[in-house]
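Colleague: Guided by the hints, dock chain R with the ligand onto chain X, whose structure is given.
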Amino acid sequence: MDLGLTKSELEFRDELRAWLKANLPKKSSQAVKTAESAAAYHQYLKDWQRKLYEGGYAGVAWPKEYGGRGATFIEQAIFQEELALADAPERMGTIGQGLVGPTIITVGTDEQKKRYLRGILSGDEVWCQGFSEPNAGSDLASLETKGIRDGDDFVVNGQKIWTSYAHIADLCLLVVRTDTNAPKHKGLTCLLVDMKSPGITVRPLKMMSGDSGFNEMFFSNVRVPANRVLGQVNDGWNVAITALSNERANLGSGLYVVFKRNLEAVLDHARKLRRHGKPVVEDPVLRQKLAQCYVDLEVFRLNTTRALSNLTKTGIPGPEGSIQKLYWSELNQRNAEIAMEVLGSHALLSNFDSGRWVYNYLRSRGNTIEAGTSEVQRNIIAQRVLGLPRSY
Amino acid sequence: MEFDLSKPQRLLQKSARELFARACPAKRVRELMATDTALHPELWSAVAEQGWLGIHLAESCSGLGLGTVELAVVAEEMGRACFPGPFLGTVWAATLIAEANARSKHLEALATGESKATVALVEPEASWDPADVQLRGTKVGNGFKVSGRKSFVLDAGVADLIVCVARADDGLALLAIGAKAPGVTITATPGLDQTRKLYDVNFEGVTIGAEDVLAVGDAARAALERSMQVITLAVCADMLGGMQWIIEDAVEYAKTRQQFGKAIGSFQAVQHMCADMLLWTESSRSATYFAAWALTAEPASAARVVSTAKVYVSDASREVANRGVQVHGGIGFTWEHDLQLFYKRSKASEILFGDAAYHRAQLADLVFSG
Ligand SMILES: Cc1cc2nc3c(=O)[nH]c(=O)nc-3n(C[C@H](O)[C@H](O)[C@H](O)COP(=O)(O)OP(=O)(O)OC[C@H]3O[C@@H](n4cnc5c(N)ncnc54)[C@H](O)[C@@H]3O)c2cc1C
Chain X
1 MDLGLTKSEL
11 EFRDELRAWL
21 KANLPKKSSQ
31 AVKTAESAAA
41 YHQYLKDWQR
51 KLYEGGYAGV
61 AWPKEYGGRG
71 ATFIEQAIFQ
81 EELALADAPE
91 RMGTIGQGLV
101 GPTIITVGTD
111 EQKKRYLRGI
121 LSGDEVWCQG
131 FSEPNAGSDL
141 ASLETKGIRD
151 GDDFVVNGQK
161 IWTSYAHIAD
171 LCLLVVRTDT
181 NAPKHKGLTC
191 LLVDMKSPGI
201 TVRPLKMMSG
211 DSGFNEMFFS
221 NVRVPANRVL
231 GQVNDGWNVA
241 ITALSNERAN
251 LGSGLYVVFK
261 RNLEAVLDHA
271 RKLRRHGKPV
281 VEDPVLRQKL
291 AQCYVDLEVF
301 RLNTTRALSN
311 LTKTGIPGPE
321 GSIQKLYWSE
331 LNQRNAEIAM
341 EVLGSHALLS
351 NFDSGRWVYN
361 YLRSRGNTIE
371 AGTSEVQRNI
381 IAQRVLGLPR
391 SY
Chain R
1 MEFDLSKPQR
11 LLQKSARELF
21 ARACPAKRVR
31 ELMATDTALH
41 PELWSAVAEQ
51 GWLGIHLAES
61 CSGLGLGTVE
71 LAVVAEEMGR
81 ACFPGPFLGT
91 VWAATLIAEA
101 NARSKHLEAL
111 ATGESKATVA
121 LVEPEASWDP
131 ADVQLRGTKV
141 GNGFKVSGRK
151 SFVLDAGVAD
161 LIVCVARADD
171 GLALLAIGAK
181 APGVTITATP
191 GLDQTRKLYD
201 VNFEGVTIGA
211 EDVLAVGDAA
221 RAALERSMQV
231 ITLAVCADML
241 GGMQWIIEDA
251 VEYAKTRQQF
261 GKAIGSFQAV
271 QHMCADMLLW
281 TESSRSATYF
291 AAWALTAEPA
301 SAARVVSTAK
311 VYVSDASREV
321 ANRGVQVHGG
331 IGFTWEHDLQ
341 LFYKRSKASE
351 ILFGDAAYHR
361 AQLADLVFSG
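Line by line, the protein sequences are chains X and R. One point on numbering: in the working numbering, the residue at position 180 of the first sequence is 180, and numbering is uninterrupted. One point on numbering: in the working numbering, the residue at position 133 of the second sequence is 133, and numbering is uninterrupted.
The shape of chain X in the complex, shown without the other chains:
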């Protein structure tokens, strides 16, 4: 147990601090998000990603040859904490960086690594994840979108749903069924699909929160070259699991900066707003609840750091990432609820504090559904981590 930083970790941190000081955008991410259009916000995040890339901080633990820094997972953890301390913008392209990139690094061909990894880090290419279908959500392996081999191509037909970022994505990690006779887990293949391919239609779906973060995607005779198969043909289930394990391991750690910023902002409100003639922060019940928010967030930070420290030894994220996913999604929902309680009747107005809290409250509902529902995470923990017998 030594949570102190080594000499080289300290150097990394100090260099990063100096870099952040010089390069953080003038406008805070929250200000741009609430005051400007979705397109402007996207551009803002894209510019930030570009800066990180040029500064050598886009893929801290990714190999150097693909534009990463080649640093350790510990330095990755330091990086995330420092970003949170500096109140840096959140990351864009979380699908590319958190899910597609690590999977390409693990199972991709050299040519695929050369072609895709750099674009993920620079923010030039945005990815989406075409897994879920109308009849295949939790039971992902039952998906029906077909990929039929035809000469040097696979021809894709079918429908995906809930695809985040499809409306702005350049590329898609798509799972299709390539063998309809094999058992359901054995006939799947992962494809790296250009979203500009003829035959793809993207239709935005409106979320409960009112914005359009996810979409339906329709594939009609879309031709995907066979060298765009990620991993082996009919081994797509294992590739998808690799991708999902990375998603669970990575998604949460990048969210710490957002959660921390939210808690600090809630505390600000709690100090300024009054209830029963006293600042809300002095209300004994809410004070207890806010302290619990602090504890839960701190334990989240420690869990993340510990997971990254373990990753240094194991190299690849395993099923225990489901603990992280479960933890952060439920934490964010609890904290969003308490934020609304702190606001009291102000929470009735969707434009209070530029609508930030109502949005958070509504958006957090999706956290226990996206990237695998809480029930599915608990199944994974029970069956794959604790070794209890499978129930389905």
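None of these hints come from the bench; they were simulated from the model. Treat the hints with care, since some could be wrong.
No more than 25 angstroms apart at the CA atoms, straight line, and that leaves these computed lysine-lysine pairs for BS3-like [unchecked claim]:
hint: 1; chain 1: R; residue 1: LYS347; chain 2: X; residue 2: LYS289
hint: 2; chain 1: X; residue 1: LYS313; chain 2: R; residue 2: LYS7
hint: 3; chain 1: X; residue 1: LYS33; chain 2: X; residue 2: LYS260
hint: 4; chain 1: R; residue 1: LYS7; chain 2: X; residue 2: LYS7
Modeller: Quick look at chain R with the ligand alone, frame taken from chain X:
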């Protein structure tokens, strides 16, 4: 940075686990619970011989000179074995004495297990906040005279020495009092957790000479706070060990117990209870070991990290114990099943040294101001 036990710390964990498995099986825990003191002299000596009673104390204080991480490692294994006896009282007192006066004559006997001690802090009003101490210490020459009652005093029945926290004119006073000194009456109070005994201690005009005044005023307050942080950490680690026992036991049972022709562990309702137990246990591990590290490495943040751990682990430990019983059904509710030992110890640990609500209030004061 490494957020995991080092090789020597793993070895320590292994030898502690082996020692308790051998010398402190559940059968012995039950025998000791039924006694007045829960003290087993040989078991106590075995622990003392390892140096674990002063594992975190400096060598100059007769300790092993290791850190609070090592203390947590040992305390975790004690929790996993429901180790009965006066560990908390003695280690708390030794830590307090070492903080107050590193050259105290008492330290050697405590660290070697020759004598046992405790701290009398809480009063019948049941507050763990030192600010609420009311028992008066009246100055007599360079010494003190005390009268009044302390409650919830750990292990007093076997203690040779009681460190009494009294209120003096210039703040708190830490007074070392022989348990058999004239005017001291010790009465056992029946406990929810029978592995760690609690007592009322009454002081009736007890006089304390100058040499037994450990600290007064700010120094007393600082030593008391620090010692409470250290012992609260040990309680968190004890709860963590208990949680680990409970989850292993519950998962094992879920794999073997059959109903409806299948292992109950194949039912999702049972699986989800086990999954939550793992999340709480592992998160408690992160919080406890971070606090253990910070207590030695970053003492300035000690109050914050220890309260964070006590809040999280207290609630998590209760929930894990609840689920542990539920997974077992009827057998889990019996006196005969060992779960009851861990269940009660967990509940007691949740309350000792301030429950989650108390530490949330402490944290709010620490982090919300400004
Ligand atoms: C905001 C958001 C963004 C998303 N982004 C993407 C994306 O980018 N790409 C993508 O591919 N998908 C995405 N999804 C889809 C998401 O992965 C699915 O919604 C999710 O896996 C659940 O599938 P479903 O909606 O079909 O629900 P169902 O699977 O039908 O589940 C309905 C209910 O049944 C429960 N249930 C189902 N099976 C079991 C079981 N075996 N045990 C216990 N309970 C069970 C579920 O937990 C849930 O409560 C997104 C979803 C949301 C909300």
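Colleague: Checked against the structure, which of the hints given earlier come out wrong?
Modeller: Going through the list in order, the structure violates no hint and respects every one.
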